[in-house]
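In the order they appear, the protein sequences are chains R and U. The letter at position 7 of the first sequence is residue 9 when you use the working numbering, and the numbering goes up by one with no holes. The letter at position 189 of the second sequence is residue 191 when you use the working numbering, and the numbering goes up by one with no holes.
Errors might be hidden in some of the hints.
Treat identical chains as interchangeable: a pair holds within one or across any two.
Unchecked claim - With a Cα cut of at most 25 Å, we get these calculated SDA-like pairs of lysine to any residue: (1) K59 with T163; (2) K180 with P191; (3) K30 with S11; (4) K91 with S48; (5) K185 with S151.
Simulated from the structure, these hints should not be mistaken for laboratory data.
2 protein chains.
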Amino acid sequence: MFSIDRLISEMKKKKSAICLGLDPFIDKIPSKFIEEGEFYFGKTISAYSYAVLQFNKKVLEICKDKVAVVKPQFSLYVRLGIEGLLTFKNTVQYAKELGLLVIIDAKSNDIDSSMEGYADGFLGSVKIEEEEFSAFDADFLTINPYLGSDTYKSIKKVIDTNEKGAFVLAKTSNPSSKDFQDKLIDGKPLYWHVAKSVEDYFKDYKTEFGYLPVGLVVGATMPQELKILKEEFNKLFFLIPGYGTQGGTIDSLSQIVNENIGFIVNASRSILYSYKDKYKDLSFETAILKSIDEMNDQINKVVKY
Amino acid sequence: MFSIDRLISEMKKKKSAICLGLDPFIDKIPSKFIEEGEFYFGKTISAYSYAVLQFNKKVLEICKDKVAVVKPQFSLYVRLGIEGLLTFKNTVQYAKELGLLVIIDAKSNDIDSSMEGYADGFLGSVKIEEEEFSAFDADFLTINPYLGSDTYKSIKKVIDTNEKGAFVLAKTSNPSSKDFQDKLIDGKPLYWHVAKSVEDYFKDYKTEFGYLPVGLVVGATMPQELKILKEEFNKLFFLIPGYGTQGGTIDSLSQIVNENIGFIVNASRSILYSYKDKYKDLSFETAILKSIDEMNDQINKVVKY
Numbered sequence: 003m004f005s006i007d008r009l010i011s012e013m014k015k016k017k018s019a020i021c022l023g024l025d026p027f028i029d030k031i032p033s034k035f036i037e038e039g040e041f042y043f044g045k046t047i048s049a050y051s052y053a054v055l056q057f058n059k060k061v062l063e064i065c066k067d068k069v070a071v072v073k074p075q076f077s078l079y080v081r082l083g084i085e086g087l088l089t090f091k092n093t094v095q096y097a098k099e100l101g102l103l104v105i106i107d108a109k110s111n112d113i114d115s116s117m118e119g120y121a122d123g124f125l126g127s128v129k130i131e132e133e134e135f136s137a138f139d140a141d142f143l144t145i146n147p148y149l150g151s152d153t154y155k156s157i158k159k160v161i162d163t164n165e166k167g168a169f170v171l172a173k174t175s176n177p178s179s180k181d182f183q184d185k186l187i188d189g190k191p192l193y194w195h196v197a198k199s200v201e202d203y204f205k206d207y208k209t210e211f212g213y214l215p216v217g218l219v220v221g222a223t224m225p226q227e228l229k230i231l232k233e234e235f236n237k238l239f240f241l242i243p244g245y246g247t248q249g250g251t252i253d254s255l256s257q258i259v260n261e262n263i264g265f266i267v268n269a270s271r272s273i274l275y276s277y278k279d280k281y282k283d284l285s286f287e288t289a290i291l292k293s294i295d296e297m298n299d300q301i302n303k304v305v306k307y
Numbered sequence: 003m004f005s006i007d008r009l010i011s012e013m014k015k016k017k018s019a020i021c022l023g024l025d026p027f028i029d030k031i032p033s034k035f036i037e038e039g040e041f042y043f044g045k046t047i048s049a050y051s052y053a054v055l056q057f058n059k060k061v062l063e064i065c066k067d068k069v070a071v072v073k074p075q076f077s078l079y080v081r082l083g084i085e086g087l088l089t090f091k092n093t094v095q096y097a098k099e100l101g102l103l104v105i106i107d108a109k110s111n112d113i114d115s116s117m118e119g120y121a122d123g124f125l126g127s128v129k130i131e132e133e134e135f136s137a138f139d140a141d142f143l144t145i146n147p148y149l150g151s152d153t154y155k156s157i158k159k160v161i162d163t164n165e166k167g168a169f170v171l172a173k174t175s176n177p178s179s180k181d182f183q184d185k186l187i188d189g190k191p192l193y194w195h196v197a198k199s200v201e202d203y204f205k206d207y208k209t210e211f212g213y214l215p216v217g218l219v220v221g222a223t224m225p226q227e228l229k230i231l232k233e234e235f236n237k238l239f240f241l242i243p244g245y246g247t248q249g250g251t252i253d254s255l256s257q258i259v260n261e262n263i264g265f266i267v268n269a270s271r272s273i274l275y276s277y278k279d280k281y282k283d284l285s286f287e288t289a290i291l292k293s294i295d296e297m298n299d300q301i302n303k304v305v306k307y
């Protein structure tokens, strides 16, 4: 079963269109995890990587029945070096054990055998001397399209062998996404050409819910772009970042809803660290739970499952 | 001293404009390393990651006086999972110990705190509870510009704190680089706009040899583009992939040479694995040495140090 179909099934089952971003910031995670890490490992990078893993595990346990999919931000684990990457691996694995789908947000891009490295490592497996090794085994990977369709080739290969999926950056949620993505080429913005290239490249896949195995990343901060793309590329599933902290609202989402569940909305800091601001009187566990419930309620006003 | 100045100093000292790509392929590395790995660890991913590290170390020892800089391809280590990433880290560290500069080829891209994760992790350091932790501590990182100048911000920060550098993908060496990079925007191709954005963003840095701390990636397979960009953006240093295996030739390079050493040319498989084809009668060590010497001789016909 394609990752995209498994995702939609889980969304229907859990009545949730949230993608929970797992973005670790050492100065924001509850101090008890930091103290525990330092108790075991002293003031070392192992201590803080351990603390992140324990926090992530707790978060995953709290949210496992409330969201369908989580998205660890690769770069924030790279920052902690090899110890952080071990935490990354263990986080992905624990999420899968709890029945959650996993999007690795690494915005990967390369060509030929180098792109295959990402596809095999993050999503697929590698065969060496007749043995099969699977490194991270996530369900989806985010992809940057700047190198063109050569980037998609290895993703197609890993879809063909194990039915995984990807999300290609089209129109991102940051202010300078306008620098290149909005520029007109033959009368259409670059992000439109990217969307078109994804649809063209993967158009022949038949899935259970009708969405292609590779979708798009389109920011919630861009309601106009979101609406136009969603109407024109209705076989592409959208991963929508920028909701909450970055300023995206429910209004931007309400414009793109149709009969199907065609998107997930990412939130990270506004949920994980709500005990630091919005719910500073609550325990971090209760604050996370309350924030997820609220976000589900809010999005579910406009989504039909 | 800026990484770009250290690079040019080393190039002058060693009379070399090669960037040696460290691209591990398990089926290509000499069998003695594989056998040694399997002896210690059985048919495990640890065995093959160990084999790659031993091979890389040997390669680095052979080339340390013949090239100024090496470029491990991140994705090919991701493919081997956490064990591969440990080999990646140890490879970077060993190269630095031998006095070589290191470009991490991860084509990283993200925004805000997420981009900072890559900048801190690959190039800089992270401060936690008054302690400073450095993860990979390389000299340069390759960067994908699709998200716009927000991507450059964290790189600027790491240049300001520790004088590292980066190379931004402009015109890549692969066939589908034409999909988006060649498209005309206001009469100029997208890759030109990318080059312009890099020059504009980093223009205020004063370096010893006059090149900005952030340069461009431009493929050797595109002699025309290479020439035009090099003439117009003469303060940007070029990392040029695609020489040898991918079809770039000395003619493409001879067109862009001026008074200064303004570029490095990457080669990987054509050197590392030359014992498998061009020099199949030689030991892998001798074949590597011979291939490096030949490539240096060839490029040095057109370069003035």
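Review point. In ascending order, which of the hints set out earlier in this document are inconsistent with the structure?
Key: Checked against the structure, the hints that fail are numbers 1 and 3, while the rest are satisfied.
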